[in-house]
Amino acid sequence: MIDKVMSAQQAVKKYIHNSNTVFIGGFGHAIPFAIAHEIVRQKKHSLHFVKTGADILFDLLVAGGCASRLSCGWYGNPGIGMSNIINRAVDSGKLVLNESTNFSMILRLHAGKLGVPFIPSPILANGDLANSVDGIKTMKCPFTEVQYQAHSALNPDVAIIHAQRSDMDGNVQLWGSVGDTIEGCEASQKIICSVEEICEKEEILLSPHLTKLPAHKVAAVIKQPFGAYPSYLHDYYQRDESYYAEHTVNTKDNLKSDEWLRSSVFDHDDFDSYLKSLPDKLLAKLAWSNS
Amino acid sequence: MNPNTESNYKNNGLEKTLITEEIISQARAAFMAAREIRDHQTLFVGIGLPCLVAHFSQSILSPSCHLVFESGLMEVSCETQPLSTASANIAKTAKMHGSMLDVFSMLQRGEIDVGLLSAAQIDIHGHLNSSRLTTKSGKTLSLPGSGGAHDITVLANKVIAVMPSDPRRFVNNVEFITSPNNPYGNREGVAGVAMPDAYFSFDTGRPILQKIYSDSDADALNESLNWDSQISDNLEIVNPPEGNLIEKAGIFLKNS
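Chain order of the listed sequences is A and B.
Sequential numbering of the first sequence, starting at 15, is according to this note's numbering.
Sequential numbering of the second sequence, starting at 5, is according to this note's numbering.
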């Protein structure tokens, strides 16, 4: 068996290359912050990120200079506001933003997952967003002659995700809200996954219905408790609401963003060091059992 | 809006939740929209005001409605305001954890009766803008974008928008058409928009002031908004939410 268990540092070094197209898993839940920190720490650059709804993890990647392009249906701080960092990067020409819709992004990833070049849908036929969107062309249904939009397939080089657990071989068990994670992972060439726990394969055999990603696509398994902090992980920990609430203010200008990036990423050798720098007892308070 | 309403609630010593003008305003808009929902309908719920509409529908007016969120959560019991469509508070009350593909497929197949949406702007054609706004100083503000809004507008069997009462949100032509009122096939598109004083329908393809709360003035309201709308000959006068309903909204919004 290939040894897939490694640190985030090793996994990012080995499997994420400059100019890659990268899918980020986790939709409001199980967002892979630990791996994103490592991408920033290693100063990867010229990456094209694809996502349906891009939450504040993308602020890290963009502020860290890792992204040259972002294709997404939405970007910002969910329920709170706009992304100051992404807006500034677009205004200054550092980032190309391809705005789309969440369903179009899902269809494009699903086409990638199915191994077909496109999927037809009636969305994005009209309006200003439709006129400016990337990766879509008008087509006629060969059976009915009705006009549809062909949503072209996306096959990212690598997907990064966080999940509850996996065995050493990469049979990844994920539950709770999965969002776009499965589509994005299966469309990608390979998957890098951080997990709360690495368990024995016997344990996986007791609950194969929870295994959502097959081992053959999983290139790296990283044991990283609280690897989705400050987002939440079903049955493990709650979201740090105050982190999200303060984020927009913490990133309101370049000076504040730099400080935020330094204190959360560059001051630390790894994610565990960052977790240790958090306020006393914060992680204990976030335990799922307290919710 | 009745100026005494806020103090009425504040002075009732029994309330644990501080009732603000903002809560009252949201409750009024949401209750107006919730009146358009029929029992047993399946609703695709956006974030913000649409969640309070879903809460009123589910807990009072249409108890057998089905709630779907774009994250893939289905058969949700919406008891407190979620900040995202995958928030833990709704993930814990969902009876099914599906995927985004699952729920957007339902939408495309025509299984969603009503899409509940908010937006930065709505225009007289029923087009919605969630992408850009020009500020008073002439600066362009980039907003978070469509998310699922475009998809819901085109694919739901019917869309009900719900908006705060800011007059800049009601315009003749939105600055940017994120979600066009060009529904797929024979779907209805944007049927109307609820706001804290009234409900405008798009039955004729243009906004008609169809329903108004008894404490609001139709002519004054119609003149205050930045769009060309008409007052229906059959304008319906509706009692505004009071008492328990306002309290309920306060509890719902407080726990977010």
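The reader is advised that the hints may include incorrect statements.
[Stated by the list, open to error] Here are a few chain A residues that face chain B, going by a calculated C-beta distance under 10 Å: (1) Phe41; (2) Trp88; (3) Gly90; (4) Asp105; (5) Ser106; (6) Gly107; (7) Val110; (8) Phe117; (9) Asn140; (10) Asp194; (11) Gln252.
[To be verified] Here are the simulated DSS-like pairs of lysine-lysine, each with C-alpha atoms no more than 25 Å apart in a straight line: (12) A:Lys108 / B:Lys143; (13) A:Lys270 / A:Lys57; (14) A:Lys127 / A:Lys154; (15) A:Lys204 / A:Lys215; (16) A:Lys299 / B:Lys143; (17) A:Lys57 / A:Lys127; (18) A:Lys57 / A:Lys266; (19) A:Lys270 / A:Lys127; (20) A:Lys266 / A:Lys27; (21) A:Lys226 / B:Lys258; (22) A:Lys266 / B:Lys162; (23) A:Lys226 / A:Lys270; (24) A:Lys204 / A:Lys127; (25) A:Lys28 / A:Lys226; (26) A:Lys226 / B:Lys96; (27) A:Lys204 / A:Lys231; (28) A:Lys108 / A:Lys270; (29) A:Lys204 / A:Lys154; (30) A:Lys270 / B:Lys96; (31) B:Lys140 / A:Lys266; (32) A:Lys299 / B:Lys96.
If you are wondering where the hints come from, they were derived from the structure by calculation, not from laboratory data.
Backbone N, C-alpha and C fix where the C-beta goes; we use that ideal spot for every residue, glycine too.
Hints, verified against the model:
1. Checking Phe41 (chain A) against chain B: minimum C-beta separation of about 5 Å stays under 10 Å; hint holds.
2. Annotation: interface hint on Trp88 (chain A) holds; nearest CB of chain B at approximately 4 Å, less than 10 Å.
3. Restraint check, Gly90 (chain A) versus chain B: the minimum CB separation of about 4 Å is within 10 Å; hint holds.
4. Hint status for Asp105 (chain A) relative to chain B: holds, with the closest Cβ pair at about 8 Å, below 10 Å.
5. Evaluation of the Ser106 (chain A) hint against chain B yields a violated restraint, the C-beta minimum of about 13 Å exceeding 10 Å.
6. The interface hint given for Gly107 (chain A) is violated, since its Cβ lies 14 Å from the closest Cβ of chain B, which is over the 10 Å cut-off.
7. The interface hint given for Val110 (chain A) is violated, since its Cβ lies 14 Å from the closest Cβ of chain B, which is over the 10 Å cut-off.
8. For Phe117 (chain A), the suggested interface contact is upheld, since its CB lies about 4 Å from the closest CB of chain B, less than 10 Å.
9. Checking Asn140 (chain A) against chain B by beta carbon gives a least distance of about 4 Å; that is within 10 Å, so the hint holds.
10. The beta carbon of Asp194 (chain A) is positioned within 10 Å of a beta carbon in chain B (closest approach about 5 Å), and the interface hint is therefore held.
11. Interface hint status for Gln252 (chain A): upheld, as the beta-carbon distance to the closest one in chain B is roughly 6 Å, under 10 Å.
12. Of the supplied pair hints, the one linking Lys108 (chain A) and Lys143 (chain B) holds, its CA atoms being roughly 20 Å apart against a limit of 25 Å.
13. Taking the CA atoms of Lys270 (chain A) and Lys57 (chain A), the gap is near 19 Å; set against the 25 Å cutoff, the hint holds.
14. A hinted pair counts as satisfied when its Cα atoms are at most 25 Å apart, and Lys127 (chain A) with Lys154 (chain A) qualifies at roughly 23 Å.
15. For the proposed pair Lys204 (chain A) and Lys215 (chain A), the alpha carbon gap of about 21 Å is at most 25 Å, so the pair holds.
16. Restraint check: the Cα-Cα separation between Lys299 (chain A) and Lys143 (chain B) comes to about 42 Å, which exceeds 25 Å; the hinted pair is violated.
17. A hinted pair counts as satisfied when its Cα atoms are at most 25 Å apart, and Lys57 (chain A) with Lys127 (chain A) does not qualify at roughly 29 Å.
18. Restraint check for Lys57 (chain A) and Lys266 (chain A): satisfied, since their Cα atoms lie roughly 22 Å apart, inside the 25 Å limit.
19. Among the hinted pairs, Lys270 (chain A) with Lys127 (chain A) is inconsistent with the structure: their alpha-carbon atoms are about 40 Å apart, more than 25 Å.
20. The straight-line distance between the Cα atoms of Lys266 (chain A) and Lys27 (chain A) is roughly 31 Å, outside the 25 Å bound, and the hint therefore fails.
21. A C-alpha spacing of about 36 Å is found between Lys226 (chain A) and Lys258 (chain B), which places the hinted pair above 25 Å, so the restraint is violated.
22. In summary, the hint linking Lys266 (chain A) to Lys162 (chain B) is not supported, as the alpha carbons are separated by about 38 Å, beyond the 25 Å threshold.
23. Between Lys226 (chain A) and Lys270 (chain A), the direct Cα distance comes to roughly 39 Å. Violation of the 25 Å bound is thereby established for this hinted pair.
24. Restraint check for Lys204 (chain A) and Lys127 (chain A): the C-alpha separation of about 12 Å stays at or below 25 Å, so the hint holds.
25. Of the supplied pair hints, the one linking Lys28 (chain A) and Lys226 (chain A) holds, its CA atoms being roughly 24 Å apart against a limit of 25 Å.
26. Note on Lys226 (chain A) and Lys96 (chain B): the hinted pairing holds, with a Cα-Cα distance of about 20 Å set against a maximum of 25 Å.
27. Distance hint between Lys204 (chain A) and Lys231 (chain A) is fulfilled; the C-alpha atoms sit about 5 Å from each other, no more than 25 Å.
28. In summary, the hint linking Lys108 (chain A) to Lys270 (chain A) is supported, as the alpha carbons are separated by about 18 Å, within the 25 Å threshold.
29. Distance check on the hinted pair: Lys204 (chain A) and Lys154 (chain A) sit about 34 Å apart at the alpha-carbon level, beyond 25 Å; violated.
30. The straight-line distance between the Cα atoms of Lys270 (chain A) and Lys96 (chain B) is roughly 35 Å, outside the 25 Å bound, and the hint therefore fails.
31. The hinted pair formed by Lys140 (chain B) and Lys266 (chain A) meets the criterion: a straight-line CA distance of about 20 Å does not exceed 25 Å.
32. As the CA atoms of Lys299 (chain A) and Lys96 (chain B) are separated by approximately 18 Å, the hinted pair is consistent with the 25 Å bound.
Checked against the numbered hints given earlier, the structure breaks hints 5, 6, 7, 16, 17, 19, 20, 21, 22, 23, 29 and 30 and satisfies all the rest.
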